[in-house]
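Novice: Here is what each chain is made of, one letter per residue.
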Amino acid sequence: MSEQHTADAQDVLIKYFDGTERLAKVVDREVPYPDGKLIVSRTDPKGIITHANRAFVEMSGYSREELIGTNHCILRHPDMPAVAFKDLWDTVAQGKKWQGYVKNLRKDGAYYWVKATVIPNIRNGQLVGYTSVRRKPSRSKISESEALYATLR
Amino acid sequence: MTLNLSVSPDFPPTHLSGWFIFNTWLQRQLGQGVHLELYDSFEAQREDIRNGKLDLIYANPYDASMLVRELGFKVLVRPRNRADETVIAARAEDAAACVEDLKPGLKVATTADPDVHTMGMIMLESADLDGTNVTFKELDSYVLVAKSLLNGDADVGFFLKAGFEELSELVRKKMKPLVSSQISVVHHTLVAGPRMQEHAAMLTDRLINMEHDPKGQAVLKSMGLDGWDIMEEEETEFMIDLIDTLID
Numbered sequence: 001m002s003e004q005h006t007a008d009a010q011d012v013l014i015k016y017f018d019g020t021e022r023l024a025k026v027v028d029r030e031v032p033y034p035d036g037k038l039i040v041s042r043t044d045p046k047g048i049i050t051h052a053n054r055a056f057v058e059m060s061g062y063s064r065e066e067l068i069g070t071n072h073c074i075l076r077h078p079d080m081p082a083v084a085f086k087d088l089w090d091t092v093a094q095g096k097k098w099q100g101y102v103k104n105l106r107k108d109g110a111y112y113w114v115k116a117t118v119i120p121n122i123r124n125g126q127l128v129g130y131t132s133v134r135r136k137p138s139r140s141k142i143s144e145s146e147a148l149y150a151t152l153r
Numbered sequence: 001m002t003l004n005l006s007v008s009p010d011f012p013p014t015h016l017s018g019w020f021i022f023n024t025w026l027q028r029q030l031g032q033g034v035h036l037e038l039y040d041s042f043e044a045q046r047e048d049i050r051n052g053k054l055d056l057i058y059a060n061p062y063d064a065s066m067l068v069r070e071l072g073f074k075v076l077v078r079p080r081n082r083a084d085e086t087v088i089a090a091r092a093e094d095a096a097a098c099v100e101d102l103k104p105g106l107k108v109a110t111t112a113d114p115d116v117h118t119m120g121m122i123m124l125e126s127a128d129l130d131g132t133n134v135t136f137k138e139l140d141s142y143v144l145v146a147k148s149l150l151n152g153d154a155d156v157g158f159f160l161k162a163g164f165e166e167l168s169e170l171v172r173k174k175m176k177p178l179v180s181s182q183i184s185v186v187h188h189t190l191v192a193g194p195r196m197q198e199h200a201a202m203l204t205d206r207l208i209n210m211e212h213d214p215k216g217q218a219v220l221k222s223m224g225l226d227g228w229d230i231m232e233e234e235e236t237e238f239m240i241d242l243i244d245t246l247i248d
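Chains A and B, in that order, are what the protein sequence lines are.
Residue numbers for the first sequence follow this note's numbering, beginning at 1 and rising by one.
Residue numbers for the second sequence follow this note's numbering, beginning at 1 and rising by one.
Note that these hints are calculated values from the structure, not bench results.
Here the structure is a predicted model, which is why all the values come from computation and not from measurement.
The beta-carbon is built from N, C-alpha and C at its ideal position, and this holds for glycine as well.
Among the hints, a few may not be true.
Listed below are several chain A residues computed to face chain B (Cβ distance under 7 Å; list not exhaustive) [unchecked claim]:
1) K25
2) R29
3) G36
4) N71
5) H72
6) T117
7) I119
8) N124
9) V133
10) R135
Which chain B residues face chain A? A few, computed with CB under 7 Å, are given here [as the list claims (entries may be wrong)]:
11) D94
12) T118
13) I122
14) S126
15) D128
16) T132
17) V134
18) Q182
19) I183
20) D244
21) T245
22) I247
In isolation and in its complexed conformation, chain B is listed as follows (with noise of 0.2 Å):
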């Protein structure tokens, strides 16, 4: 039997070579196929989750919570220091420089990333804007977002911190963040579908173990990891539990 590993559709788009390796690991580890599955769209992928196709997914916080309480699954570890977070930005010589400066008819570029537009949406409400008062332009990167703030199509744009920080010094010169999250436990997830279950003990001990291994340590390097830290249910659970105060 194949398993079907896939990636949250928000990875930056430099290490996508780095989870096809990851999956040569993955194998390597299971003595048995896997197949990596890559989507474009956050909907096609939930799909796919829904009707039971994926085994193990690296996801995004607010699908993690689909995931856990939904569907069975249970989360094996995180990456370390990869806290998600959002960056609101304008144009560098925007008259704005802060979220209150900003006013209704707001126009926002943003990606179908859940986790980053809802807290980008929770950043703008201390200045009273809310889905009645602004218009979205939904963009399929970080990169088309940037581009979309650039030529004046919008007013502000939503990042992935990531995300923002991998655009080039000439791109985040033009730019100027308004505001940026400061969460820290809120993050992607490595979590195992019902058919993993039996690998579960095993795989977390290869996977906590992958930085004391030349070969683990350039997997992760091509991924742009330092590492993966376990994540014990209840940490997920207070995680889960965060993202439901965030979500109306």
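For reference, chain A alone in the conformation it holds in the complex (with noise of 0.2 Å):
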């Protein structure tokens, strides 16, 4: 991609399964994932964001009190398809751990792949949100990925 490329920012509508959308500034720029840090967060059944770890600010671009509150669909680049996000929610409903690759949205309109993995928290016996740790993922597991998303959008 070219350097004039990598710069322009296009507004994109995003379409969200529960049927809202937002327009979002997308820039074709990658920031690389921090080498030895996790990202972590956690959601309220719903998929509200209840806690963010300095990581998860940092690489966001949000601040901590943006985050706090907001759908995680808020870090949704619109490259990712949405069977990805279904294959998400489908698994961990039935109470299993889910883990894939995802590529996602910044505040700024860059992105930041991640390999990530989200469990149902579970306290006596009810659901009572999701923890979603992102790891440092390999170049040739974001090629495979980009390969496949592109298939499925």
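Once you've looked at the hints, go ahead and assemble the two chains, each given alone in its own frame, into the complex.
Specialist: Have a look at this one:
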């Protein structure tokens, strides 16, 4: 990609599975995943963010205050196919662990790839939310995921 | 009835005497006998845990998951400023400058420490390395991991960061960290089993106040700790959830 292309910001309408949509700025610029860090967040059962660690705040580009109380789908990049998130929700709804590669959208429109693991949080037999932990993916897995997701959009 | 105290086998050997001093302090607080049982092997300790032999354990985060969720132990406190972090190091002269420079066929010197090994493997994932394309040499201590690395028997070593930093400067200078984890929220905990529950509230209070008492301060110093912080039940659950996401 050219530098010109990299610098170009586009406004993209992102439609979420619940029928809502938002206009987001998208820039074709990758922010590398920081070595040794885990991005950790928790949500309530509806996907509303209740906890964000420092690495999450730094990589997302949002402040902690902006993240808490917001739906986790604020991170959804338009290149991610809806079917990937359907698989995530279907899996965790069954009480199982979900793992996959995700391209996340930052507040500034740039993106970062993660290997994400999501588990349901069960307390006294009740679902109280979800914990999502993201780690550094390999370049080969990113390439495989890019190719796969392009066929699913 | 004598109660049994134990410590995760990954504690730094330099603080061995500190745990005996803590055991004496503990007996005074409880007014009853406490036996300190130490293990060289994680598996041997886990077997005794499962058999209900231990009552108070300074547990590594991986074992805390089993203790709390399967065996009904309660976390009392955690050590202040002692997060468990992992370092992957290579020899200083190695051509690799970062994890992504490492190749399949890698020889890894590691320990049976489950947290460090798990986190080490996670940090190798970015180089497409996993259990199928690396070989392991499991050793009993971080000193032996360093020795194996420096002898050329291994290409990289997995270290508990605190264990790496306790190596002599001479040894550390012959190695270079390729990556160091920065997780912050995963740490050891002091967990109490069913027979300790009647003492739990009193003991937690005494542990929290150790740092305000000259004798308590001396005991903490001998264990290499700054103090204890209370660990709420939800904080424990959060740490265990996080660890669950890291275990395949």
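Novice: All the hints need checking, so say for each whether the structure fits it.
Specialist: Hint by hint, here is what the structure shows:
1. Taking 7 Å as the C-beta cut-off, the interface hint given for A/K25 is violated, the closest approach to chain B being about 28 Å.
2. Interface hint status for A/R29: violated, as the beta-carbon distance to the closest one in chain B is roughly 20 Å, over 7 Å.
3. A hinted interface residue such as A/G36 counts as satisfied when its beta carbon comes closer than 7 Å to some beta carbon of chain B; here the least separation is about 5 Å, so the hint holds.
4. Annotation: A/N71 was flagged as interfacial toward chain B, and the flag is violated, the nearest CB pair being 20 Å apart, outside 7 Å.
5. A hinted interface residue such as A/H72 counts as satisfied when its beta carbon comes closer than 7 Å to some beta carbon of chain B; here the least separation is about 15 Å, so the hint is violated.
6. Restraint check, A/T117 versus chain B: the minimum CB separation of about 4 Å is within 7 Å; hint holds.
7. Among the interface hints, the one on A/I119 holds; its C-beta lies about 5 Å from the nearest C-beta in chain B, closer than the 7 Å criterion.
8. The restraint placing A/N124 at the interface with chain B is violated, with a minimum CB-CB distance near 11 Å, outside the 7 Å limit.
9. The restraint placing A/V133 at the interface with chain B holds, with a minimum CB-CB distance near 4 Å, inside the 7 Å limit.
10. A distance limit of 7 Å between C-beta atoms decides the matter here; for A/R135 the minimum to chain B is near 6 Å, and the interface restraint holds.
11. Interface hint at B/D94: violated, since its Cβ lies 17 Å from the closest Cβ of chain A, which is beyond the 7 Å cut-off.
12. Taking 7 Å as the C-beta cut-off, the interface hint given for B/T118 is violated, the closest approach to chain A being about 11 Å.
13. A cut of 7 Å between beta carbons decides the hint on B/I122: the least distance to chain A is about 6 Å, and the hint holds.
14. Given the 7 Å rule on beta carbons, the hint for B/S126 holds: about 4 Å separates it from the nearest Cβ of chain A.
15. Annotation: interface hint on B/D128 holds; nearest CB of chain A at approximately 5 Å, less than 7 Å.
16. The closest approach between the C-beta of B/T132 and any C-beta of chain A is roughly 14 Å, which is over the 7 Å cut-off, so the hint fails.
17. Because the smallest distance between the Cβ of B/V134 and any Cβ of chain A comes to about 14 Å, over 7 Å, the interface hint for this residue is violated.
18. For the restraint placing B/Q182 at the interface with chain A, the shortest Cβ-Cβ distance is roughly 5 Å, inside the 7 Å limit, so the hint holds.
19. Taken as an interface hint, B/I183 checks out: its beta carbon lies about 5 Å from the nearest beta carbon of chain A, inside 7 Å.
20. At about 6 Å, the closest approach between the beta carbon of B/D244 and any beta carbon in chain A falls short of 7 Å, and the interface hint on this residue holds.
21. Nearest Cβ of chain A to the Cβ of B/T245: about 4 Å, under the 7 Å cut. The hint holds.
22. This hint is violated: B/I247 has a C-beta 9 Å from the nearest C-beta of chain A, more than the 7 Å allowed.
In summary, the numbered hints that this structure violates are 1, 2, 4, 5, 8, 11, 12, 16, 17 and 22.
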